[in-house]
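2 protein chains.
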Amino acid sequence: MDISNRYCVIMCGGVGSRFWPYSRANAPKQFIDFFGTGRTLLQMSFDRTKDVVPTENVIILTNEQYAPLVKEQLPELKDAQILLEPTRRNTAPCIAWAAYHIKALNPDALIMVAPSDHLVLKEDEFKRCINKGFDFVAENDALLTLGIKPSRPETGYGYIQIGNAVTDSISKVKTFTEKPNVELAKVFLSTGEFFWNSGMFLWSVDSILKAVQECAPDIAVQFDKGVGLYGTSAEMQFIKQNFASCPGISIDFAVMEKSKNVYVECVDFGWDDLGTWGALYDNSPKNHEGNVTENCKAMLFNCNDCVVAAKGDKLIVASHLKDYIIAVADDVVLIVPKSEEQKIKNYVNEVKTAYGDKYL
Amino acid sequence: MDISNRYCVIMCGGVGSRFWPYSRANAPKQFIDFFGTGRTLLQMSFDRTKDVVPTENVIILTNEQYAPLVKEQLPELKDAQILLEPTRRNTAPCIAWAAYHIKALNPDALIMVAPSDHLVLKEDEFKRCINKGFDFVAENDALLTLGIKPSRPETGYGYIQIGNAVTDSISKVKTFTEKPNVELAKVFLSTGEFFWNSGMFLWSVDSILKAVQECAPDIAVQFDKGVGLYGTSAEMQFIKQNFASCPGISIDFAVMEKSKNVYVECVDFGWDDLGTWGALYDNSPKNHEGNVTENCKAMLFNCNDCVVAAKGDKLIVASHLKDYIIAVADDVVLIVPKSEEQKIKNYVNEVKTAYGDKYL
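Residue numbers (this note's numbering), protein chains in the order written: chain A, 410 to 769; chain B, 410 to 769.
Calculated from the structure, these hints are not laboratory results.
Keep in mind that a hint or two might mislead.
No copy is singled out in the list; a pair is fine if it fits within one copy or between any two copies.
[Said to hold, decoys possible] Listed below are the simulated DSS-like cross-link pairs for lysine-lysine, each with C-alpha atoms no more than 30 Å apart in a straight line:
#	residue 1	residue 2
1	K767	K695
2	K619	K583
3	K767	K706
4	K761	K695
5	K720	K761
6	K649	K480
7	K706	K731
8	K720	K731
9	K706	K752
10	K706	K720
11	K667	K747
12	K752	K695
Let's have the full structure, built from the sequences with the hints guiding it.
Structure follows, in structure tokens:
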């Protein structure tokens with residue numbers, strides 16, 4: 410199998426405030442060894458690309474401020490494989506830039522886009538699905554998204570409804586649906602037609618460029634100005650001057666929900682976006698009292714169903730807590746019921762109001 | 410008023426494990442600025458002796474390991490005012506040594522013995538009572554203990570029952586009673602005859618030496634061997650060789666409960682031994698939700714009646730906790746209901762078993 414035309418774009422610019430203070434502005438979630446395996450989520454995302462994409466074709470898109478972290482965690486990469494966004498503009502400009510950049514490197518490129526902070530438990534199945542998806546987009550002018558077989562009526566994810574089948578696992582997309590309420594999520598699950606939107610995509614460079622130009626001309630017009638500069642020493646200067654002019658919009662809104670040739674490959678490789686403490690808890694090994702301890706020493710007395718995460722060699726001693734999150738950084742301690750975790754963002758805002766960036 | 414014969418012995422060797430991890434083995438409770446006033450409990454204890462005892466007659470008894478902390482916190486003292494115990498032997502040997510030492514310095518000395526980690530809110534009343542007590546022991550061969558007028562049926566303190574009155578505020582002691590259960594404590598409170606045992610004492614050097622020799626001959630025999638060495642450069646060498654031979658016993662058991670000439674001065678100067686988080690909570694200012702924040706930044710959401718203490722410039726964010734203690738050190742976080750605080754010592758033991766001295 411010739412994989413030399415394959416590229417992987419790993420999006421690595423998120424700030425991860427939902428895991429504050431375990432995840433901090435200066436070292437968000439993707440840069441943390443969440444499971445104590447010795448590899449961070451970014452490193453695990455990179456590791457998964459081996460065998461399906463040549464290492465020299467892996468491209469990391471991240472915010473300027475995280476360049477040192479990316480280089481430290483992925484020393485295998487050359488500097489040219491790290492594209493630094495001068496400002497945050499959501500996923501559509503990020504993915505568009507990557508496409509223009511790759512087009513200049515290899516006009517026949519096939520691209521896989523992947524987040525840097527998701528969990529994949531079944532790596533062999535992941536590779537099998539990615540190979541299948543690459544083959545599909547090599548032969549079809551298609552925007553292929555990976556839809557995850559749902560295991561529960563999750564209200565934290567978007568859903569994709571499948572339409573007509575094209576192969577045994579690939580179908581046309583019928584609808585994209587935003588995060589449903591729990592009643593609707595249960596209906597989705599029961600029909601068998603709805604899959605979780607994973608945020609992973611496969612396409613040829615020509616297909617995504619054409620789609621951006623058709624569906625998101627306000628983004629395309631910014632990047633079209635740089636044609637001739639991508640892949641050259643002038644690229645970064647151009648990006649610094651023009652990237653901020655792009656609207657901040659997701660690839661789902663900007664392209665996937667508008668384009669006609671959108672397909673979904675239905676997969677089941679133990680995926681989770683780890684977007685919440687609840688998801689982290691669900692995906693982590695538990696002791697006999699149902700407690701999860703991420704990367705720290707914890708002595709829990711009469712505690713049940715808690716998740717404890719701490720940076721460094723900290724000891725957490727707690728008693729009589731049920732269903733709590735305990736997250737500890739050097740200068741911040743957060744203690745909050747799991748059921749209140751959606752409030753953490755509010756707390757972070759209040760902390761910012763009171764103390765500025767000191768504790769973010 | 411001539412106060413030149415007055416001495417104060419401040420006992421400063423405790424390890425304060427009940428406030429772990431806010432209080433640590435290397436910096437126990439007495440060395441902490443618990444109330445954020447800029448003065449530690451030891452410094453406040455020292456400050457209170459001003460006006461009633463000459464500064465050069467204040468003697469600190471502490472464990473060898475705390476010598477640097479004492480010198481740092483009380484730079485007013487000469488090295489000769491700090492007596493270093495080579496090992497821990499409870500209060501009786503500590504107080505006996507101080508008596509032998511002071512006898513060599515001034516055979517007419519009057520001595521006040523005070524813990525280093527208690528709270529006194531009404532300093533003027535404290536000084537008035539101490540002056541009165543000094544006058545009493547100057548004129549009587551008496552061991553005078555300070556009994557605190559109880560404000561609640563506290564089960565964490567020992568009680569002193571008063572006997573026949575000698576002056577308006579000084580009586581013979583009828584009985585010493587260990588920590589009572591709550592029913593008995595309520596009875597104690599209702600009779601008006603019982604006062605909290607504060608651990609503060611006043612006596613002449615001759616009275617205490619005579620009492621030690623009569624009531625605790627096993628201690629006296631050790632220190633008698635050093636007569637002639639106290640107050641000389643040979644004293645410390647003698648102590649290093651002999652102090653450990655003393656039994657580890659409290660002054661209450663060894664002397665006060667046995668001696669015939671024991672008196673109590675009934676006082677009411679806003680005393681608390683701060684021996685528990687509950688006591689600390691009771692003695693600290695509370696916000697409108699009943700939360701106490703010692704020396705740290707805390708943002709508490711839907712929390713009530715909690716006490717939060719952290720070292721350094723830490724931020725504690727908590728939600729939905731009622732009646733909890735949150736104590737944070739650099740490498741340890743403790744979260745425990747106030748009602749379970751007597752278990753903290755057990756937790757510390759488990760921590761020691763698991764990790765040795767690292768987190769103590």
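Structure-based check of each hint:
In this assembly of identical chains, K767 and K695 lie within 30 Å of each other by CA distance solely across copies; the values are 26 Å between and 33 Å within a copy. Taking the shortest Cα distances, K619 and K583 sit within 30 Å of each other inside one copy (21 Å), while across copies they are farther apart (98 Å). Taking identical chains as interchangeable, the C-alpha atoms of K767 and K706 lie at most 30 Å apart whether they share a chain (26 Å) or sit on different chains (12 Å). Only between protomers do K761 and K695 lie at most 30 Å apart by alpha-carbon distance; the minimum there is 24 Å, versus 33 Å within a single protomer.
Taking the closest pair of Cα atoms, K720 and K761 come within 30 Å of each other both inside a single copy (21 Å) and across two copies (21 Å). For the homomeric pair K649 and K480, the shortest alpha-carbon distance inside one copy (20 Å) is at most 30 Å, but the shortest distance between copies (58 Å) is not. Within a single copy, K706 and K731 get their C-alpha atoms as close as 18 Å, and across copies as close as 25 Å, so both meet the 30 Å cut-off. For a Cα distance limit of 30 Å, the shortest separation of K720 from K731 qualifies both inside one copy, at 22 Å, and across copies, at 26 Å.
In this homomeric assembly, K706 and K752 come within 30 Å of each other (Cα to Cα) both inside a single copy, at 26 Å, and across copies, at 19 Å. In this assembly of identical chains, the alpha carbons of K706 and K720 lie at most 30 Å apart whether taken from the same copy (10 Å) or from different copies (20 Å). Taking the shortest alpha-carbon separations for K667 and K747, neither the intra-copy value of 36 Å nor the inter-copy value of 57 Å comes in at or below 30 Å. In the homo-oligomer, the alpha carbons of K752 and K695 lie at most 30 Å apart both inside one protomer (24 Å) and across protomers (25 Å), since each shortest distance falls under that limit.
Violated hint for the displayed structure: number 11, the only one.
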